[in-house]
Amino acid sequence: MAALKLLPVNLIAFSAVISCLWMFVSSASFKTSEGWIEVTLPKDGGKSTQDYDDAEERLRLTLRFDSGRLRRWVNGLEVGSDEDLMKAIDRNRSRRWDIPVGIDALRDMSWREIVRTMGLCQKVGFRVSFAAPVEMPLR
Amino acid sequence: MAGSSKISIQEDITPNLIPMIDIMFLLLLFLMIASDMGQRELEAVRLPVADAVIPDVPEVEAPEAGERLTINIYHLLPSQRICQAYEDGAICREESHWRIGIRGTDYIDMEKLLGALDREAAFGRNGTDPRSPRQSERKVMIRADGAAPYGMPQRVMNVCARVGMYMIDVGAALKEASH
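So the sequences go chain by chain: A and B.
If you're matching positions, the first sequence starts at 91 in the numbering used here and goes up one per residue.
If you're matching positions, the second sequence starts at 130 in the numbering used here and goes up one per residue.
None of these hints come from the bench; they were simulated from the model.
Note that the structure is a prediction, hence the values are computed from the model and not measured.
Treat the hints with care, as some may be off.
[Said to hold, decoys possible] Listed next, the stretches of chain B that the computed footprint assigns to chain A, with coverage defined by at least 3 CB atoms under 8 Å from CB atoms of chain A:
1) 170-179
2) 275-289
3) 293-304
[Claimed, not checked] Lysine to aspartate or glutamate pairs mimicking EDC-like chemistry, simulated, CA-CA at most 16 Å apart:
4) B:K304 x A:D172
5) A:K133 x B:E266
6) B:K304 x A:E203
7) A:K133 x B:D258
8) A:K133 x B:D247
9) A:K213 x A:E173
10) A:K213 x A:D172
11) A:K213 x B:D180
Glycine included, every Cβ here is placed at the ideal spot set by N, Cα and C.
The shape of chain B in the complex, shown without the other chains (with noise of 0.2 Å):
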């Protein structure tokens, strides 16, 4: 008789909600990266090195940085494009094997980069130099890969010189960083 009794365990059913939360903060995280690829600022490019610039950080940022465009001078990914200077990390002098993009549409023809920067210099023109009414207060980083030549940064200046913007932030990486 003794061995037939039952003994009833009752066991507490928790989720463990930890590792839940966990997952859901590496999805968020996943699916915030993920969404600003369409309309990403910024591209993969080996920034050249300099002795001075200005650190890149929230602090340092003047008010209306918020409103400057990055425009984005870069080389085609070695899936696209297989170019061995590039892979050596000499100067590429092929002009085809270079982007020129802005929130990740790429410009090849200069008249319609022309027509995308005059768009955007618009936010910033205010007329207030009757010698340049053309001139645009908003500024423009150029963020160009160090193996470009000079060209391609050039053509973009132009490009910005001629629609008024004539406020530069030339992209570089800080020196201690690169080593």
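Excised from the complex, chain A in its bound form (with noise of 0.2 Å):
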């Protein structure tokens, strides 16, 4: 007992040692906040619209701007909030689970908009895909 009562504690390398640890673990927690979402291209380079000229096997989400308001269509058919958007999205599963989502948006949108509608399609389970334009109707 009397022996243990001879070892100091160094308290300004312990507190040295502390703060390089908290360092390291903030660095570290802050790295994890980054993610990605996997998208494909036309294997072509959007040459050829062959893959996407059958309607009935894709989906086509579009995204507009009007009067600053964002404007959602899936298919075609307007929706309003996240909630409607990932129901519609979801709604396709039924036909066929593996179809490609395909964005259509225009030059001005907003990328933050783009890749919150993307989270919402890899939430649900559906990969995006970008295409060449391919005009469509919407209501």
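Both chains come to you apart, so use the hints to assemble them.
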């Protein structure tokens, strides 16, 4: 017991090690806050629209800004909230589960909104693909 | 006579190793971070938030993920260009405020970007599909700022498609982490 009393605790070194550990843990948690969403592009560089001609076999999400308000359509039918969008996407699961979701947006659309919509598609279990523009009437 | 006797005190002078190790450790940390700045993969970007993303942790990364090329689309710093829309968190539609960067090099000219991506795509071309011989299996990560107009990532994706890169990872922030 007497020998144990002779061992002093070096508080400076102790606090330095704790600070280093804290720095490491903070930077590690910052790193994990990022992630990614997998999307695909046409393998032929968009030269052919053959894969996208059959509207029955694909799902198309259209995003537009209308007087500063975001409007979204699923296969030409407008949806309001995120829940409506996910339900509309999910309804197509009954037909096929592996159909690609095409995003149709103009150049001035917010990238933030596109990624958010892609995240909702991924949440429902659909994979997003980008394609060369093909006109579709909106209702 | 008793007052003139000298008392000799022997002190052990030993270097204190613990602060030295701490300082060396911090120096090493600093050098590691600072030396990578010129060739850094990631730029300061406010990633858009998504509900479901694949977390960027080593356990989840695919084996070939190390080969993934990162393309950053980022806004100029306030010291370089003051942009009220960007500062307010709105979309900045001024294309001159945006930069497309790969490993610390900015590309404004799309033809130069095409050349750079073509060289990168060459590593993933195996020519197995005769219909698209330029197809590349190399993955690309597009880390675009959430305030960017879609036209910027779209431009990069067009170039990727032209060089045969079709597997794209879109950088996003986890919803929980953003709050």
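16 Å Cα cutoff - pair K133 (chain A), E266 (chain B) = holds, 10 Å
Taken at face value, is the distance from the CA of E203 (chain A) to the CA of K304 (chain B) at most 16 Å?
-> Satisfied, since the Cα-Cα distance of roughly 14 Å is no more than 16 Å.
Test coverage of the stretch 293-304 of chain B by chain A using CB-CB distances below 8 Å; three residues minimum.
-> Result for this restraint: holds, n = 12.
Could you grab the alpha-carbon distance between K304 (chain B) and D172 (chain A) and see if it respects the 16 Å cut-off?
-> holds, 15 Å
8 Å C-beta test of the stretch 170-179 of chain B against chain A, three or more residues | holds (count 4)
Do three or more residues from the stretch 275-289 of chain B put their C-beta atoms closer than 8 Å to C-beta atoms of chain A?
-> The restraint on the stretch 275-289 of chain B holds, since 12 of its residues have a Cβ under 8 Å from chain A and three suffice.
Keeping to a limit of 16 Å between CA atoms, is the pair of K213 (chain A) and D172 (chain A) held or broken?
-> holds, 11 Å
Holds or violated: K133 (chain A) to D247 (chain B), with C-alpha atoms at most 16 Å apart = holds, 15 Å
Would you check the hint for K213 (chain A) and E173 (chain A), treating anything up to 16 Å between C-alpha atoms as holding?
-> Judged against 16 Å, a Cα distance of about 11 Å means the pair holds.
Hinted pair K213 (chain A) and D180 (chain B), Cα distance within 16 Å = holds, 7 Å
Can the restraint linking K133 (chain A) and D258 (chain B) be considered satisfied, given a maximum Cα separation of 16 Å?
-> holds, 10 Å
Violated hints for the displayed structure: none, as all numbered hints are satisfied.
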